[in-house]
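Trainee: This is what each chain is made of:
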Amino acid sequence: MIVSHATFILMAAIATAGVAGWWVVMDVLRLRRTLRERPRTRWTGDRIFGSVIGIATGVIGVAGIVLHYLR
Amino acid sequence: MNLFAVRKQLDRVLHPVVSTIARPPIHANVWTLIGAMLGAAGSVLFYLGLLWPAFALLIVRGLVDHIDGYKARNFGQRSTFGAVMDDVADRWVLGVMFAGGCLWLSPAYPHVLVVMALGITGALVNVIIKLSIYAEAHQDIRREHGKIGHPVDVVGMFGSAEFIIYFGAGVFFTALLRDPRPMLVGCWAVAVMAHVSLLQRMHFAWRHYRRVDPAAAAMTTERPGEGPRGDGPPPAGPRSIPTRCGSSSPAPRPSARWPDPRPDVRHGHRARALEPPVDAPPRKVSNLNPANAITASRFLTLPPFVWAVDQGYAQIATLALLICAALDMVDGLVARLLRCQTPFGEVFDAIADGFCYGFFMVVLTAYGQLPWLPVVITIAFGVYNTYLRAAYARRAGRTVNFRSWAMEKLVAYGGYNVLFGVAQIEVDFYLWGFVAIMGLTLVHDTKRMLIDPIDPPEVPA
Numbered sequence: 077m078i079v080s081h082a083t084f085i086l087m088a089a090i091a092t093a094g095v096a097g098w099w100v101v102m103d104v105l106r107l108r109r110t111l112r113e114r115p116r117t118r119w120t121g122d123r124i125f126g127s128v129i130g131i132a133t134g135v136i137g138v139a140g141i142v143l144h145y146l147r
Numbered sequence: 006m007n008l009f010a011v012r013k014q015l016d017r018v019l020h021p022v023v024s025t026i027a028r029p030p031i032h033a034n035v036w037t038l039i040g041a042m043l044g045a046a047g048s049v050l051f052y053l054g055l056l057w058p059a060f061a062l063l064i065v066r067g068l069v070d071h072i073d074g075y076k077a078r079n080f081g082q083r084s085t086f087g088a089v090m091d092d093v094a095d096r097w098v099l100g101v102m103f104a105g106g107c108l109w110l111s112p113a114y115p116h117v118l119v120v121m122a123l124g125i126t127g128a129l130v131n132v133i134i135k136l137s138i139y140a141e142a143h144q145d146i147r148r149e150h151g152k153i154g155h156p157v158d159v160v161g162m163f164g165s166a167e168f169i170i171y172f173g174a175g176v177f178f179t180a181l182l183r184d185p186r187p188m189l190v191g192c193w194a195v196a197v198m199a200h201v202s203l204l205q206r207m208h209f210a211w212r213h214y215r216r217v218d219p220a221a222a223a224m225t226t227e228r229p230g231e232g233p234r235g236d237g238p239p240p241a242g243p244r245s246i247p248t249r250c251g252s253s254s255p256a257p258r259p260s261a262r263w264p265d266p267r268p269d270v271r272h273g274h275r276a277r278a279l280e281p282p283v284d285a286p287p288r289k290v291s292n293l294n295p296a297n298a299i300t301a302s303r304f305l306t307l308p309p310f311v312w313a314v315d316q317g318y319a320q321i322a323t324l325a326l327l328i329c330a331a332l333d334m335v336d337g338l339v340a341r342l343l344r345c346q347t348p349f350g351e352v353f354d355a356i357a358d359g360f361c362y363g364f365f366m367v368v369l370t371a372y373g374q375l376p377w378l379p380v381v382i383t384i385a386f387g388v389y390n391t392y393l394r395a396a397y398a399r400r401a402g403r404t405v406n407f408r409s410w411a412m413e414k415l416v417a418y419g420g421y422n423v424l425f426g427v428a429q430i431e432v433d434f435y436l437w438g439f440v441a442i443m444g445l446t447l448v449h450d451t452k453r454m455l456i457d458p459i460d461p462p463e464v465p466a
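Those protein sequence lines, which keep their order, are chains A and B.
Just so you know, the numbering used here puts 111 at position 35 of the first sequence, and the rest follows in order with no gaps.
Just so you know, the numbering used here puts 142 at position 137 of the second sequence, and the rest follows in order with no gaps.
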């Protein structure tokens with residue numbers, strides 16, 4: 077054991093929520109920027125889709141941690 | 006700003022001592038080796054808790070670090086190898102000494118092992134960001150008396166000298182007071198300040214280079230025969246440039262069609278795009294290169310992971326996972342820094358991602374820590390994704406890794422799924438969420454890989 081189990085879970089939760097939250101913010105910004113891009117190409121479309129998936133992933137990450145501490 | 010900014014003044018103060026010690030006919034590289042050996046000995050002394058001798062070695066090693074540079078500069082012993090080894094030995098020594106001290110403290114303060122990991126990670130990433138800025142913004146590199154320099158050198162509150170101050174002060178007071186707490190504070194200071202410094206360097210990069218097009222900057226400064234760290238103009242005749250990333254190739258003479266753009270480039274803001282000379286030979290890059298070696302080394306984390314899960318050591322399993330993920334980030338960076346990107350490397354990286362994370366998930370499922378159904382669906386999706394990529398490569402007629410922004414994010418999510426399994430955090434929620442998002446992404450990618458026309462190479466955003 078490097079740290080206690082409670083500390084380990086807390087660190088994992090912080091790492092998850094932190095990265096997921098950061099991801100949501102970054103992908104929202106990236107999505108806004110990509111949506112303004114003209115002309116639209118297939119690369120643009122892929123980036124938009126990637127940002128939406130990134131936002132969904134981030135929301136799931138944060139929601140899971142909230143769920144864990146609510147139970 | 007860090008103590009690197011006052012290096013000249015410090016050199017002046019230390020000059021009488023350094024010049025006296027440097028008199029014996031010992032080559033600069035041997036001094037570097039002596040410094041590394043002193044560091045190794047110091048780390049053992051720290052581990053054994055012999056703090057006074059360890060502290061003395063820490064200081065003496067710092068002095069030896071000055072001597073090798075002095076000797077190289079003043080005795081005509083400069084070499085690129087020496088400069089590289091000086092950098093490597095310096096970081097290695099500080100790392101092992103720090104590790105030795107942390108390991109000595111760990112029986113009394115187990116959490117110091119996490120501090121050790123943070124400190125070493127922070128220090129390593131500081132080196133990586135510095136080298137990355139050197140490579141990406143080499144138009145700002147300058148040389149003074151042969152020593153390479155860049156504006157980023159003086160950015161950040163943590164460097165080798167600061168390490169000796171933070172860590173050394175803690176060691177000194179612990180030895181003096183026979184109380185481990187000052188050294189614990191020193192370890193914390195190293196871990197925290199390394200990350201503060203990292204943020205400062207990231208801010209520096211954002212402030213100076215966020216609007217710089219690396220392609221344009223590279224075209225203006227990369228000339229045949231002079232790499233990004235070239236020391237002055239290239240020699241008049243062709244020469245061989247042996248590199249582990251590429252086969253030896255003769256460098257052509259400087260071309261009049263490749264004018265020196267340096268007067269026009271300050272901090273990369275006015276980088277001009279020039280056409281490369283048409284007679285530049287194509288660069289061959291071997292698949293046996295450092296980046297692919299790092300990718301391959303990710304497989305070494307699999308056995309420790311199985312052992313840790315088998316023994317119920319969740320934290321060690323997490324450590325193996327973190328190392329695997331960190332190597333995934335480093336291999337791409339190394340490939341860019343050493344310019345050894347290859348189509349095989351891209352595909353190999355994707356295979357390593359899928360295999361490592363898939364293996365971790367299977368192991369956790371076998372030990373009952375992950376539900377089997379979403380894992381089976383995930384693996385089936387992974388196999389289908391591999392088929393799609395192979396089909397795309399066949400359509401494109403070359404070995405090519407299909408780039409999908411969404412799938413790149415899912416790779417990170419896959420890594421997190423392993424963490425959730427190890428830590429038992431909302432496993433069902435996360436895994437079923439992953440299955441849903443991966444299914445959606447595969448539908449999107451299926452259309453792009455099998456139906457859409459072959460994409461042209463993407464221009465970096």
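Mixed in with the good hints there might be a few duds.
If you want the footprint, here are the derived chain B segments under chain A, 3+ residues with CB under 8 Å [said to hold, decoys possible]: (1) 67 to 74; (2) 111 to 125; (3) 422 to 433; (4) 441 to 453.
Calculated directly from the structure, the hints in this document are not laboratory data.
C-beta atoms are modelled at their ideal positions from N, C-alpha and C, and glycine is treated no differently.
Trainee: Look at each hint and say if it fits the structure.
Mentor: Going through the hints against the structure:
no.: 1; hint: 67 to 74; in the structure: violated (count 0)
no.: 2; hint: 111 to 125; in the structure: holds (count 4)
no.: 3; hint: 422 to 433; in the structure: holds (count 5)
no.: 4; hint: 441 to 453; in the structure: holds (count 5)
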